[in-house]
Amino acid sequence: MFKLNLKIALRTLWKNKSYTLINAGGLAIGLASCMILLLYVAHEWGYDKQFSGYEKTYVVYNNSKNNAETLSWAWTPTLMAGEVREKIAGVKYASHSTYPNPHLISYKQNNFKAPAVFADQAFLKILDYEILSGNAEQALTGVNTVILTETLAEKLFGQEDPINKVVKFNNEEVLKVSAVIADVPVNSSIQFEYLLPWALFEKINPWVKNSGWGNNSCLTLLQLQDEGQLSAVSAQMRDIYKRNIPDATNEVVLQPLAKWHLYDHFENGKSVGGRIDQLKIFFLLAFCILLIACVNFMNLSTARSEKRAREVGVRKAVGSSRAALMNQFLQESFLLAFIGMLTAFMLMEIALPFFNSLLNTSLKINYTDWRFWVALVGLTLATGFIAGIYPAFYLSSFEPVKVLKGFGHSGAATLSIRKALVVFQFVFAACLIVCTAVIYQQLQYIKDKPIGFNKNGLIEIPMEGNLRSKEKMALLKTQLLESGAVTGVTYFSRSLNEGGNNTFSVSWPGKNPNDQVLFNFRSAGASFSKTIGAEMIAGEEFSEAHHNDSTHMILNEAAVARMGLKHPVGATFSWGGSPVTVIGVIKDFVVESPYQAPAPMILYHIEDEFEYMIARMNPEGNVSSSVNKIDEIVKAINPNYPVERKFADDNFEQKFQNEQLLGTIANLFGGFAIFISSLGLLGLALFMAEQRKKEISIRKVLGASTMNILTLLNKDFIKLVAIANVIAFPLAYIISSNWLSAYEYRIQISLLPFGIAVLLSLIIAVLTVSLQSFKVAKANPIDALKYE
Amino acid sequence: MIRIENLEKVYKTEEIETTALNGINLQVKEGEFVSIMGPSGCGKSTLLNVMGLLDKPESGSYKFMDTELLKLNDRERSNFRKANMGFVFQNFNLIDELTVFENIELPLIYNKVPAATRKAMVNEIIQRMNIVNRSGHFPQQLSGGQQQRVAVARALVTKPKLVLADEPTGNLDSSHGNEVMELLCELNEQGTTIVMVTHSSHDAGFSNRIINLKDGHVISEKINKGITEELI
Ligand SMILES: Nc1ncnc2c1ncn2[C@@H]1O[C@H](COP(=O)(O)OP(=O)(O)OP(=O)(O)O)[C@@H](O)[C@H]1O
Ligand SMILES: [Mg+2]
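Protein chains in written order, with full-length UniProt numbering: chain A, 1 to 788; chain B, 1 to 232.
Read the hints as simulated data drawn from the structure, not as lab findings. Check before you lean on any hint, since a few could be wrong.
[As the list claims (entries may be wrong)] Result set (BS3-like, lysine-lysine): computed pairs, CA atoms no more than 30 Å apart in a straight line: (1) B:K112 - A:K209; (2) A:K719 - B:K12; (3) A:K108 - A:K694; (4) A:K693 - B:K29; (5) B:K12 - A:K775; (6) B:K12 - A:K694; (7) A:K108 - A:K635; (8) A:K511 - A:K455; (9) A:K694 - B:K222.
Since the structure is predicted, the reported quantities are computational estimates derived from the model, not experimental observations.
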């Protein structure tokens with residue numbers, strides 16, 4: 001019986017090639033989209049879960065409270081890990097480490113700037129990276145040792161065995177390679193290429209040893225003895241600050257390592273989601289697209305049912321049971337799902353590289369992973385079942401007598417279900433169009449929003465190696481200006497796009513003592529605002545005359561407003577207990593999130609703290625030749641370091657990564673969803689046109705023009721698409737305003753996205769339907785009428 | 001009114017080429033009632049379809065009141081057809097989804113007749129055809145004879161110059177058949193030119209002239225005495 005069914009199924013599919021193509025094609029695109037999205041979801045979901053003890057590992061978060069809000073971050077004092085080890089029961093390991101930072105590492109002629117992490121031995125106990133060679137056991141307990149990742153070892157040493165060889169760190173320290181570990185997994189939050197002992201960190205930065213509980217400068221990880229200890233440990237950890245500094249307001253929360261990446265948004269000291277929200281959207285999208293492809297199948301199968309009714313009637317008449325018939329129809333849909341899956345496979349393998357380069361990811365199918373195969377088989381079966389169950393149910397319900405006598409007018413019920421399904425598909429499509437348009441509008445709005453300085457043609461060069469010396473810094477400046485490649489040069493203690501470096505210890509006359517306000521602070525060079533194209537609102541900016549001046553400050557507008565200064569220039573306030581004077585006010589400019597109003601900022605002028613040179617490129621010059629000149633000059637002065645010159649606007653772009661990703665995915669998969677929907681529509685139109693062939697011919701004989709016929713056939717579909725849009729609009733409005741509400745700076749939702757949705761969905765529908773009906777409308781009318 | 005010369009029509013299928021019309025010469029005068037007869041497959045329907053601009057011949061000439069119709073493009077053909085011709089088919093070809101009234105109204109809509117006028121015209125013809133109490137019914141709810149009367153009504157409602165009927169009585173019993181034939185005669189007496197394909201010599205007896213086809217040729221013409229004398 002199975003064989004017979006299979007034979008019939010294959011024959012039916014073969015006989016109706018266009019339907020099979022539409023169905024299997026739709027399912028294939030749906031499945032491929034679904035699986036690619038699921039791969040992405042799995043990739044994100046798997047973040048930091050590669051370590052054997054990840055379930056009992058926690059990241060220490062520091063909640064610092066002030067009247068207005070609680071700020072949470074995973075920056076903790078260096079002393080914390082030691083104290084936890086000593087005093088808190090239930091903790092198996094506690095480690096402190098730095099966050100990854102690029103440093104120069106060299107072996108003979110090979111030198112690279114690669115991200116490094118300084119960590120203690122417990123770090124490797126908690127995060128058990130795979131050790132490929134050497135001995136990692138004691139590697140981090142010494143001072144002058146290093147653990148390399150495989151890739152870096154290969155870059156430095158080529159074919160040589162790196163173990164016990166000596167490399168140079170920052171051109172200063174000599175380190176012995178003690179072990180090589182596998183590359184850090186791409187979906188791991190801590191991305192480094194080599195590990196260095198904490199003792200080395202203390203050696204290079206003497207202040208670390210003396211830094212107390214007020215200095216939150218490192219990452220603390222805990223691994224519990226078992227998960228059951230969490231509440232006890234949390235309770236002990238919470239007030240660890242208060243136990244060490246009497247008037248501290250900080251509290252500690254433990255964030256599971258597994259949630260570190262996805263639940264990165266904190267409100268009032270609690271993790272309230274973050275990337276996970278976006279991930280949920282993608283997860284939902286994956287299944288909606290698949291569902292849409294299933295709907296195609298349902299639609300076409302029921303539409304064709306009248307053709308198959310005779311087969312059902314005959315089978316029932318010769319004694320087939322309903323169950324057997326359902327079985328048969330389900331087998332057909334499983335077969336189709338299977339064909340779709342095979343095609344989806346090919347599509348995926350072809351599409352993944354494009355997808356990866358588009359989204360900046362490195363997803364791949366892991367054929368050795370059993371979960372992949374389970375998902376694959378599961379999805380195929382689910383697709384076959386969802387797509388097939390309704391048609392099977394419907395088709396097998398035909399009464400043989402009625403069917404064999406002819407159908408008459410009984411198609412109405414299925415017609416309305418088919419219509420509902422088409423409406424459902426287009427609701428989804430229209431929603432996606434609106435949301436995509438809103439995402440892009442928001443993105444554009446933020447990108448176009450003035451950021452307070454002119455980031456175009458601005459480059460940043462880190463002051464490292466030779467450039468740490470004042471003479472070389474000055475030399476670079478003169479040479480750059482002389483070369484004509486740049487027109488202005490200044491310095492900054494951080495990259496223009498970097499956050500961090502902030503303090504609570506600012507007070508001013510009339511400040512509420514309970515008021516904790518976070519101020520960003522930066523050391524800025526002479527002619528800072530002039531070079532970056534910012535605007536001084538009052539007073540003057542730093543000039544060469546302010547040599548190592550720690551008493552004169554420039555405030556940004558936000559800081560002036562926060563302090564409530566009526567006459568800022570000449571006003572005094574206290575920072576870290578010492579009085580300082582305001583000499584100028586700079587208009588707010590964005591260094592952190594472009595989605596929020598800039599935080600208060602204090603600028604001062606201490607040359608020793610300059611970390612970056614910022615230069616304005618000569619607008620007259622040719623960009624690539626200027627860049628070459630700059631690189632040559634930098635290389636000549638600082639030959640041991642690779643040139644790290646960056647464009648400020650490139651760095652700035654990275655702030656939009658999340659939104660860009662969302663926009664691209666919504667656009668891409670929205671496009672697929674719409675394409676699948678229109679495939680379904682095409683099938684339906686194909687069927688309708690065929691079913692109405694005779695009617696169309698009669699109408700043509702009676703004088704209908706091609707246009708008349710096209711209008712006739714399109715009218716119904718246009719109505720459906722219009723209804724779908726009407727249903728979609730409130731939905732899309734709710735979804736997109738919900739999404740927008742997370743942004744401080746956001747667009748008002750306008751009519752434009754809805755207009756686009758209406759227009760686009762109508763155009764797509766009309767094109768799809770006309771494509772098919774045109775043939776019928778053009779056909780010689782007599783062909784359809786001749787042989788009845 | 002109609003002058004057909006050397007009309008040829010060949011059907012090509014994968015296996016076989018059929019010459020359906022093989023050099024037809026034919027004239028129809030205004031106000032005439034012509035029957036076309038001949039054995040099955042001799043090309044009668046093909047000829048009628050060509051005359052109705054529903055099908056294109058390979059070669060030849062087809063003049064309608066001195067206009068060469070075979071040179072027209074699709075749109076012109078369609079316009080000419082709806083302005084000048086009406087069709088009656090053996091299998092009625094009514095649209096199942098439309099009522100009797102709507103079926104008859106359809107050609108008027110395509111001829112862009114204003115709604116009010118349309119209604120009056122349809123009502124008039126429905127009365128004439130004696131199907132008033134059926135106007136709200138769907139085709140399946142009518143007998144074959146009634147359906148054919150609706151089809152005739154639909155063919156006439158635009159007051160065409162030429163009515164083409166392909167075995168209009170083929171699916172009807174003799175009494176219903178006669179009803180339809182009487183309708184056609186009445187129409188002809190009011191001045192409409194009619195070309196009818198039929199297998200029945202009884203039906204052919206209603207016409208002025210009988211044209212016999214065989215293998216795509218006109219083999220003979222017979223003038224029905226009595227009725228036609230004054231025309232010739
Ligand atoms: N679409 C077609 N494709 C191929 N051959 C065709 C086609 N239409 C008609 N023919 C052939 O052309 C010839 C003439 O057909 P036509 O329908 O004109 O015959 P007819 O005289 O009307 O016959 P009947 O009295 O049975 O209706 C026949 O031999 C037929 O097989
Ligand atoms: Mg015929």
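Mind checking the alpha carbons of A:K108 and A:K635 for me, to see if they're no more than 30 Å apart? holds (18 Å)
Sort out whether B:K29 lies within 30 Å of A:K693, counting only the CA atoms. Violated. A:K693 to B:K29 sits at ~35 Å, over the 30 Å cutoff.
Hinted pair A:K694 and B:K222, Cα distance within 30 Å: violated (36 Å)
30 Å Cα cutoff - pair B:K12, A:K775: holds (20 Å)
Is B:K112 close enough to A:K209, meaning Cα to Cα at most 30 Å? At roughly 95 Å apart (the allowed maximum being 30 Å), A:K209 and B:K112 break the hint.
Within a Cα-Cα threshold of 30 Å, do B:K12 and A:K694 meet the stated pairing? With Cα atoms ~23 Å apart, B:K12 and A:K694 stay inside 30 Å; holds.
Compare the distance between the alpha carbons of A:K511 and A:K455 with 30 Å, and conclude whether the hinted pair is satisfied. Distance ~35 Å between A:K511 and A:K455 Cα, so the pair is violated.
Does B:K12 sit within 30 Å of A:K719, going by the straight-line distance between their CA atoms? violated (41 Å)
When you check the alpha-carbon spacing of A:K108 and A:K694, does it fall within 30 Å? violated (84 Å)
The structure does not agree with the numbered hints 1, 2, 3, 4, 8, 9 stated previously, though it agrees with the rest.
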